[in-house]
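Novice: Here is how the chains run, residue by residue.
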Amino acid sequence: KAGVTQTPRYLIKTRGQQVTLSCSPISGHRSVSWYQQTPGQGLQFLFEYFSETQRNKGNFPGRFSGRQFSNSRSEMNVSTLELGDSALYLCASSYPRTSGRGSTGELFFGEGSRLTVL
Amino acid sequence: AQSVTQLGSHVSVSEGALVLLRCNYSSSVPPYLFWYVQYPNQGLQLLLKYTSAATLVKGINGFEAEFKKSETSFHLTKPSAHMSDAAEYFCAVTPSSNTGKLIFGQGTTLQVKP
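First to last, the sequence lines map onto chains A and B.
Each residue of the first sequence is one higher than the last, beginning at -16 in this note's numbering.
Each residue of the second sequence is one higher than the last, beginning at 3 in this note's numbering.
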């Protein structure tokens, strides 16, 4: 079974640009969560999508947005990039509970997209 | 609000020695607790999880953790460290199994000396 796939793995942008990161979850997983990892702030939750709907949102500015498609693939977008947005962005997917609602909390992570903003 | 505190950002042990990584949590509701490991340039891998079924939880690679409600702790242990255990370890908490939102601790880097 293929794992969570994130693309691109590495990218370099300049301040003011925007970036789109992609995440393909494990087959059958319907919940996708995004996290930002930096040396100073650690791992911080960005948002979670389930069945194309945003279920939870972290404490990030509106420049950070995401969406989920009908095949559960997800993208996140960061507009007007700032130096502080340099980070490893991790996507995680999880399978739904037997009731079909949400995730079990056991997240399967991709290897991340490392964004450098110059 | 929930939070997690990992005591010690760096822990160094000798190969074959006991590994003890400390995690204390704060939660107003019965929590779900996790330990994840991250190897360099990789994502996070689940080591084990506590979901209230048993207080002593066994995970992969010989790791285990004990949930102690009275101490609000969920420390990770391994009887004998191996060189391949060198990595960064994260404790995480969530109030519900029905969410992909985890609150992570700051992480503990484990160094294993030969």
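Source of the hints: derived by calculation from the structure; they are not laboratory data.
Wrong hints could be hidden among the right ones.
Said to hold, decoys possible - Cβ-Cβ distance ranges computed for the label pairs, FRET-style:
1. 18/B to 62/A: 31 to 41 Å
2. 98/B to 22/A: 27 to 37 Å
3. 58/B to 0/A: 46 to 56 Å
4. 7/B to 39/A: 43 to 53 Å
5. 18/B to 40/A: 40 to 50 Å
6. 108/B to 37/A: 20 to 30 Å
7. 18/B to 0/A: 41 to 51 Å
8. 67/A to 14/B: 41 to 51 Å
9. 7/B to 37/A: 25 to 35 Å
10. 65/A to 58/B: 23 to 33 Å
11. 32/B to -15/A: 33 to 43 Å
12. 63/B to -8/A: 20 to 30 Å
13. 62/A to 16/B: 25 to 35 Å
Please read all numbers here as calculations on a predicted model, not as lab measurements.
All C-beta atoms in this analysis are idealised placements derived from N, C-alpha and C, irrespective of residue type, glycine included.
Novice: Now tell me, hint by hint, if it's right for this structure.
Specialist: Outcome of the hint check:
Distance hint check: the CB atoms of residue 18/B and residue 62/A are about 51 Å apart, inconsistent with the given range 31 to 41 Å. Judged by the Cβ atoms, the range 27 to 37 Å given for residue 98/B and residue 22/A holds: they are separated by roughly 29 Å. Evaluation of the 46 to 56 Å hint for residue 58/B and residue 0/A yields a pass: the beta carbon distance comes to about 50 Å. At roughly 22 Å, the beta carbons of residue 7/B and residue 39/A sit outside the given window of 43 to 53 Å.
At about 45 Å, the CB distance of residue 18/B to residue 40/A agrees with the hint of 40 to 50 Å. Taken as a hint, the range 20 to 30 Å holds for the pair residue 108/B and residue 37/A, whose Cβ atoms sit roughly 27 Å apart. Our hint of 41 to 51 Å for residue 18/B and residue 0/A holds, since their Cβ atoms are close to 50 Å apart. Checking the proposed 41 to 51 Å range against residue 67/A and residue 14/B shows it is violated: the Cβ atoms sit about 31 Å from each other.
Between residue 7/B and residue 37/A the beta carbon distance is about 29 Å. The supplied range of 25 to 35 Å therefore holds. In this structure, residue 65/A and residue 58/B break the distance hint of 23 to 33 Å, their C-beta atoms being roughly 45 Å apart. Residue 32/B and residue -15/A have their C-beta atoms about 34 Å apart, which keeps the hinted 33 to 43 Å range intact. A hinted range of 20 to 30 Å holds for the C-beta pair residue 63/B and residue -8/A, which are about 25 Å apart.
Between residue 62/A and residue 16/B the Cβ separation comes to about 49 Å, which falls outside the hinted range of 25 to 35 Å.
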